[in-house]
Structures are given as structure tokens and as C-alpha cells.
Amino acid sequence: MFLKNCWYVAAWDAEIDAVELFSRKILGVQVVFFRGADGKIGALEDKCCHRLAPLSHGRREGNCLRCMYHGLLFQADGRCVEAPGQERINDKLRVRSFPVVERDHFVWVWMGDPSLADSPLIHDSHWHDCEDWKAERGGYMHYEANFELIADNLLDFSHLAFVHRNTIGSSRQAEVKPVVERLENAVRIKYFTLDSPAPPFARKLTTLPEMVDRFQTYTWNVKSNYFVQDSVIASVGEGIDTASKNAMRVHTTIALTPETEHTTHYFWSAAHSDFNPALEGITRLLTEQVEAAFEEDRMMIEAQQRTISASSEEGMVAIPGDAALMQARWMLRNLIRQETAGLGGRSAASTELERA
Amino acid sequence: MFLKNCWYVAAWDAEIDAVELFSRKILGVQVVFFRGADGKIGALEDKCCHRLAPLSHGRREGNCLRCMYHGLLFQADGRCVEAPGQERINDKLRVRSFPVVERDHFVWVWMGDPSLADSPLIHDSHWHDCEDWKAERGGYMHYEANFELIADNLLDFSHLAFVHRNTIGSSRQAEVKPVVERLENAVRIKYFTLDSPAPPFARKLTTLPEMVDRFQTYTWNVKSNYFVQDSVIASVGEGIDTASKNAMRVHTTIALTPETEHTTHYFWSAAHSDFNPALEGITRLLTEQVEAAFEEDRMMIEAQQRTISASSEEGMVAIPGDAALMQARWMLRNLIRQETAGLGGRSAASTELERA
Amino acid sequence: MFLKNCWYVAAWDAEIDAVELFSRKILGVQVVFFRGADGKIGALEDKCCHRLAPLSHGRREGNCLRCMYHGLLFQADGRCVEAPGQERINDKLRVRSFPVVERDHFVWVWMGDPSLADSPLIHDSHWHDCEDWKAERGGYMHYEANFELIADNLLDFSHLAFVHRNTIGSSRQAEVKPVVERLENAVRIKYFTLDSPAPPFARKLTTLPEMVDRFQTYTWNVKSNYFVQDSVIASVGEGIDTASKNAMRVHTTIALTPETEHTTHYFWSAAHSDFNPALEGITRLLTEQVEAAFEEDRMMIEAQQRTISASSEEGMVAIPGDAALMQARWMLRNLIRQETAGLGGRSAASTELERA
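If you're matching them up, the sequences are chains A, B and C in order.
Here the numbering used here is used: the first residue of the first sequence is 885, the next is one more, and so on.
Here the numbering used here is used: the first residue of the second sequence is 885, the next is one more, and so on.
Here the numbering used here is used: the first residue of the third sequence is 885, the next is one more, and so on.
Hints are computed from structural coordinates only; laboratory data are not their basis.
Wrong hints could be hidden among the right ones.
Identical copies carry no separate label here, and so any pair may be met within one copy or between two of them.
[As the list claims (entries may be wrong)] Straight-line C-alpha distance at most 30 Å; calculated DSBU-like pairs for lysine-lysine:
#  : residue 1 : residue 2
1  : K1129     : K924
2  : K1088     : K976
3  : K1074     : K976
4  : K888      : K1018
5  : K1088     : K924
6  : K1107     : K1088
7  : K924      : K1018
8  : K1088     : K888
9  : K1061     : K924
10 : K888      : K1129
11 : K1107     : K1074
12 : K909      : K1129
13 : K1061     : K888
14 : K909      : K1088
15 : K1061     : K976
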């Protein structure tokens, strides 16, 4: 069960060039992406409407894509404009096409009703390309797990003390109580770990003392599965906004795009402030630390998925720490229910939520 | 859905020797072939009727096959003739057996009702062993695709201009209109590409000029999935039958035997006239060219099968070029319907076709 | 279909140490075993009751097991005794636990109703650790086959002449008639091959003459899938109990524990008398011979399973040699029927059998 009428990150912009065709499965549908001679990205179902050959075995020609089985030529809107040996072209010769928008180095795709695709709904990721933040682009992991298991992890905090005890977490975090706030189609969590030992990655990369204040603010957008974490690790007592320059500020972005019910594309970046100018290669070093932590999650979540697949999801017992993920799951189910019922657009969804 | 009451190529004769047992799945049934002391080939279901151990783990003894689990000995007709420790043998101890005929170096098997098996129904392939034609035997490919997708390809012409543009096709072939003729249980197509650049393989192997006439006559037999192509590439204006000796005449034989619904055995040969006596190793060189072209098909068709398996065969839009394959698919469905309805024999099928 | 209310061998004791956690699937349920600080083995379902993460990715602490996803700590009885950040622990936070007994170097587990678990029901294997017998411990094979196909093999004799003709069998054994006796929940078979050529492994390891008497007594316990073979190979005419010291006495133990419907754990040992003191490394040499024979079985039975999986178990025709395995299959079905009907305990089962 996926929410369809929303934007999903389909790729990093650099993955789609003007030479090769790029095929990726999104919400269970194989999509071929190509960059036309005009630089614009087209997205078509990767299946020719004639005999169902994959268009990704085809060839870009101008702003079009040619199927290299029987030679049909398609525009980015899916219309067939040339069929070898035919004078007239049947109007039914059309491939499904998908709205695409490039923004902040992400390629966003809309898999639902194209008439509802509205680019202002796309989430902001301006830190991928601005002066205040430094970030590597291109972070990607393939997950052998349903996207909700990953979302659960992003909305949980106690696991920092166990899964990430050697990287980005610290044992004291198991006892901190997060504050969960409900926004429109989003959940925000504030998780402040005060006067506590710095996590291993901060000890490696910063000039901070052993005891620190850590301020983590998470925002999970149920539409788009789009996650942003603002994290500040500062000397004790300095405060979030007033912390010195050596406070470690990191802006972690994660977009989860379902590939299938049991696999997920995980796009990510970790943008940071200039908290330790003396440290050479700081962006690479930080990226490595975050990647190691994400691998720790992946090991656990894929194992969890295997356990669930081998039996079922039945028998989960909730604990108080599950509050945030429960909110998010409830919101998503509500939105999917509305979408399935055909209430569709944003305003209907909002109304429903206000009544709830 | 397979047609059962017809002969299928099961193997090349050289695949079945007097030492090893040979097991191959045909129409979803695992069959063990063995060559008896008398030189005759036996074909039994590869499953002992006692505890279902595979007979291919057994041992040939004379004209019989012994299961090496509990020692039961079977004749080529499937009857158990020895069971260790037993005086009397239960008449039910029988393994399913299949009619087999060796002809023109092909081993043909009949998977349907044995009482309908009639060897005159076997298609002619005398060019595997005669003076006028030179051919390598043993051509075999395993396809991860349903046999009908391969048949579609054999009955289509526009793909020559795209899939085979670097081997046996030429771009001009996309525009040629084939003539499709309906025979009894067969489709014949004439596809003449006149005054056109020679395809790459002809340029490599012949002494022909750059511009040629190409005459291709395809016959697809719906029973047996048996395909023969007569191809003549000659200097412009010479005609099919009156062409000079340097005209390239090739007789391509293909037999498609379903292994399962999604996999197929592809037996093939390319017999040729002596069109370029000066070229050493001409048979090998031609075989390599044809094999390369068949690999091009396989890449595309297996990709097409994966696309279909991932979603469904729904949504195909026919174009005028599909006329021949549509005829063949219609004939096959008709024959399967008759077979399932128990109309069985050849005459019933013919009557039905005449009425249609 | 498995019998649940009985003990199954889960592991050799040495497989479960105090450092690593040990996870194995038993009757379709993934179970994590751990040895507590007190040396006792705990067995829990390998699935945390919170979010279903595998406990085998966790950590032993004292006599408890901690889930390393969110840090819940469980006792060997399955109760959660610590949840980070929580003062009170929900009584529903419980993982399924299984009774475990260590005896004669086997670790036995009870997968059914724990209230029926009764350690006197555990079969004797004292020869794993006593003066009269020498044995290697740790014999284990993983079978890609249903346990009943393996049981069939253990209860059959004619295959010794075919499958094991180069190891532990001899061709004359195909004709011997076994005596089958029915016990409570067990089948006993006496299989005496008199005045017959010694099997290859006896020729390699003993000082016996070429012609021997061989006395094989098999006991198959339907509960626990527990098999013991007493085998004596002696000079002709000496008799089972009165044979000389150079008679080869072997006590073969096999326990089949279903992993899934199509895979099985096969625990085994071959304990022997001191029949050839001059032969160095006799225990190793004998173990190698037995292992080779068990591999011969495995090759055949896994092939048989593949054949059955590809079609079905239908169409088996019984022969007189199947008497013992038919008895065992009948007993097992009867016990499973009673268990499913809730008759459960031992006395009910016995009553039913007596009536039958």
C-alpha cells in the first residue's frame, strides 16, 4: 500500500545523463528516465505499448526515445510519433508517462494522477547547493525492507543507544524522553540530550569537550517519505541558536522511495556547518561516519524484515517510545484511505485531518 | 498452455549416447532419454513409480533402465520387469513412456496421447545431411522466455532493421511489406527486400555487390513450433531461382520446444549453398554470424519476458506488422481448444479450420 | 505437518557456547539458543515482541538476552525485565520460550505445549559418553528434503544394495526379507544377512573373513524422529551376542529434526566397539565411511525431493519392501491427528493405538 499522489525522489540529478537511459522501479512500476537534447528529463513506463519490450533497451533520439525492438519512437509525453513501415499511427500507441521535476539536485517523480501533480508540493533541500552548508551529494542505499520499517527507525530514538553506540549514538540517549508534535501531514520530534558524553563521531570530528548538549529536531513528512534532521552538538549550556562556531551543526536529509512492498530506495545527504576548519577533508570524514551509522540501521532493519517475511507482522507489542512512529503510521493510513476513496487533492485531505 | 498432440524436437541425436542418461524437461515434464544396447532411444518420465526418485540417477542395463534407489528395472515401454526381493511384480509398477523418433539428426518426442503419435507428421530437415547443403549440427540455446514470444519474433520483420542492424539485418527492411499466406496449420511469409544495401553478414561472407536483392520465405508450422527460412541474397535483378552461384542461399531451421511456461529449448541450424568456395571455414563463419544474431534476439526477448513477468501481458497494442504472428497465435489457440475439447486428431482440426 | 508435543534434537551441546548466540529454525520456527552465566541453555523465539527484530542480533547479559535494536532485556522464560526509558513494563512484553534439556551431549527442545514437556520422554543416547563405546560427536548434515523422505530411507533395506554398494551395503542385501515389529510409537526391524560377502567398509576396517553374518536391528521412534541401529558383523555362525571380539559392533544414532516442510536437520553419530585395536585412528576412519554412505543417501533423497517438488507426491506405488516405512507413516499420522484433535498427552495416544 503506497500513497501515490505525492512527489517521490527518483534519483540524484547526476544519475540521469544525456547518453545512457536510466531505469528504476518506483512504487512497483519500472520507469525509464532519459535526458532529452533540450536537457529536460522524461519519465516513461519502461515497457513499450506494442509488444512490451523494455524501452530502457532503446535509444534516445533528440527529445524522444526509440524502442529498439520494432523501432517505435515515443515523445516524453508518451505519444508514439513514428512507427516504421506505417503511414498512420494508432492513437492508442501511447506509453504511460510521469511528471518529473528537478530541484536541489534531486529528481522528483509523481506516480499518481498526473492532473494533481503540483511542483510547489516538492520539499525544500536547498542545502545541497548553498554557501552555508557543505555536503556530498549522491548518497544512496538499496534496502531489502519495506519503507515503513525504515521510517519507524527514523522516528525512534532509543535505538541510538544500542544500534549506534559506536558511531552517532550514546548510551545515555536510551533514557531521554522526546517531545512529539503533530503538524499537517508531518510529525516533528525534539530530542534533547543534555550534559551527556559526546557520541563517538563528535569525539572524532570536533573540538568539543567530553560532555555536551545535543539538540536533535526531526521532521518526518508523510507525503514523500521525506525526512530532515537538524542536529546541534554544543558545549554544555550554550543553547541551540547561540552556540559557538565549534558546535557541530548537521542537516541530515533522507528520502525513502518504495521500490516494491519489500524493497526501498534510500537517498540521503549530511550537510554540515564549518565547525572544525582545521580538519582536512571534514565533509568526507563526516559522510563516512553517517554512512557507517546508516549501514548499522540497514543490517538491523533488513534482519527485521526477514523475520517478518518469514512469519508475519502480527504480534508487535507497542511501548511508549513508539509514539512518534505510531502517529506517522496513522497519518499515512489516513491519507491512503482518502486517496483510495477518491478524495484525492490536498484540501480534502486537510479537511479530513482537521475533523479527525 | 501447450499443444500436446504433436512431435517436438527433444534433442540432437548426438546428445543421447549409450553411456550417460540424458534428462530434459519438455512441456513441463522431466523426461529421461537413454539409448539401449539395440541403439534405439527410450524416453521415460524421469520419476520412478515406486518412491519418485529420478531415473536419471539410475543406470542403463541392456535395453532397460534401472532405478538406483531401490533397484527397480524398467523397459523402454515403462513396464517394471524386475524388483529386487520380489517374485511377482505389481502390474501398476509402470513409468510413463513417450514415443520417440530419430530423423535427420533430430530426436522427436510425442508428449500427448501416444495412440495419436504418427511419424509421417514429423517435419522434414533432410538438409542436415545431404550433398547440396552444408551445415553444422548441434545448435542449441536455452531461453528464459515463453516460446510464443520467440515465435512472435520469428514471424516479425521490422525488428531486422533494429535488433539485427549490425548482423543479418539492414535499416531499409523496416519499410518492406511482407506477404502473409495461411496454410493448413502453418503460416508462410514472403519478404522481399529489393535493390537494397547488403546486410553486414553478407558483406563479410560473400562476393556480392553492395546493392542486392534479398528474398526471404518463412514457413512457421504451428504444430511442433517448427520454422524454416529459405533466404536468397543475390545481385540485383537475378531472381530467386535463376541467381548466379555466388548468390547466398541459406536454409535456417529452428524448432522451439517449451520447457516450461517461461523457458524454451531453441534448436537451430543454418545450412548453406556453396556460395563462396574461396572462403575457408565458411560454414563456421556463417554459423557464428547467425548465432550472434540469435543472441541479439535472445537479449531482447528475455528482457521482454522479464517485463511481462513483472506485470502482465495486458496492454499490448497491435500494429499492421503483427499480421503474421496474430495468424499463428490464432491457429495455435484454435488447435489447443480442439485438443482440450477432445477433438484430438488431425482431421477434426482441419475441419474446424475450414469452417472458420 | 509436524508432531509438536515431543522432544527434538536442536543441537549438539558444543554448538551452544557462552559467547555467541545460536539461531536455528526448528519446525518452521526460528529459535535463538543462548547459554546463561549459570551454564543453562535458554531457548526463545528469535523475534523480539516489540518490533520483531531478531534476538540473535542481540547480546547475552548474565542469564538474560538483550535485543540490540531498542534494548529490551529478556529472561530465559521470555519475560521482559528491562525496557530503556520505561519505569513500568507491560506484562504483554513477552517472547515465546521453549523447554530445553541437555542430555548425552544432545540439546533437546520441546516445540509444542510446554505444560506437556516431560524430560523422561527423552531418548537415551548414553553411548556418546561411556567406556564401552567410542564415538565422534558433532555429526550434522543439512538436508534439502522433507524429514519423512529421510525416515523412509532409514526404514528401507533394499537401497543398501544399490545406493551403498561401494560403502556399507552389499548386493546380496537386496534379497533379504526384514522382520518388522510394531512397538508403542516405534517400529523395530531385524534384518539379518547371513553367510554373505562383507560390505566394503567392513573389508577396510576389520580383520573379518570375506564371508560374514550381518545382524542389523533398527529402532525408529516416531516421536522425536529418533533412530538407533545396532549392527553386528561377525564371522559366519558366531551369533549376535556370542561373536568374538573382532566382530564389528556399531551403534548408529540419527535424529531428524524438521527445519521446514522441505528441509531437515540430520544429527548423527556412529559409536563402535573396539573391534580392531591394531588399527590406528579407527574412530575417524569408521566415521568417514559412515559419512560417505550418508552423503550417498543425501544425494538420492534430495534428488527425490526435487522430483516431488516439481510435480507432487501422487502416484507412488507401494511394494512389499515398504512395509516398515508404511507402519511408521501410519503411526505418525495417527499421532498428529490426535494432537490436532487436542487429545494431546501420552495416555490418550496410547489408548487410541490400543483401540486401533
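Going through the hints against the structure:
{"no.": "1", "hint": "K1129 - K924", "result": "neither (40 Å within a copy, 55 Å between copies)"}
{"no.": "2", "hint": "K1088 - K976", "result": "neither (61 Å within a copy, 41 Å between copies)"}
{"no.": "3", "hint": "K1074 - K976", "result": "between (53 Å within a copy, 29 Å between copies)"}
{"no.": "4", "hint": "K888 - K1018", "result": "neither (32 Å within a copy, 60 Å between copies)"}
{"no.": "5", "hint": "K1088 - K924", "result": "neither (42 Å within a copy, 41 Å between copies)"}
{"no.": "6", "hint": "K1107 - K1088", "result": "neither (36 Å within a copy, 59 Å between copies)"}
{"no.": "7", "hint": "K924 - K1018", "result": "within (27 Å within a copy, 54 Å between copies)"}
{"no.": "8", "hint": "K1088 - K888", "result": "neither (42 Å within a copy, 53 Å between copies)"}
{"no.": "9", "hint": "K1061 - K924", "result": "neither (47 Å within a copy, 37 Å between copies)"}
{"no.": "10", "hint": "K888 - K1129", "result": "neither (42 Å within a copy, 65 Å between copies)"}
{"no.": "11", "hint": "K1107 - K1074", "result": "within (20 Å within a copy, 57 Å between copies)"}
{"no.": "12", "hint": "K909 - K1129", "result": "neither (43 Å within a copy, 54 Å between copies)"}
{"no.": "13", "hint": "K1061 - K888", "result": "neither (34 Å within a copy, 44 Å between copies)"}
{"no.": "14", "hint": "K909 - K1088", "result": "neither (38 Å within a copy, 41 Å between copies)"}
{"no.": "15", "hint": "K1061 - K976", "result": "between (58 Å within a copy, 22 Å between copies)"}
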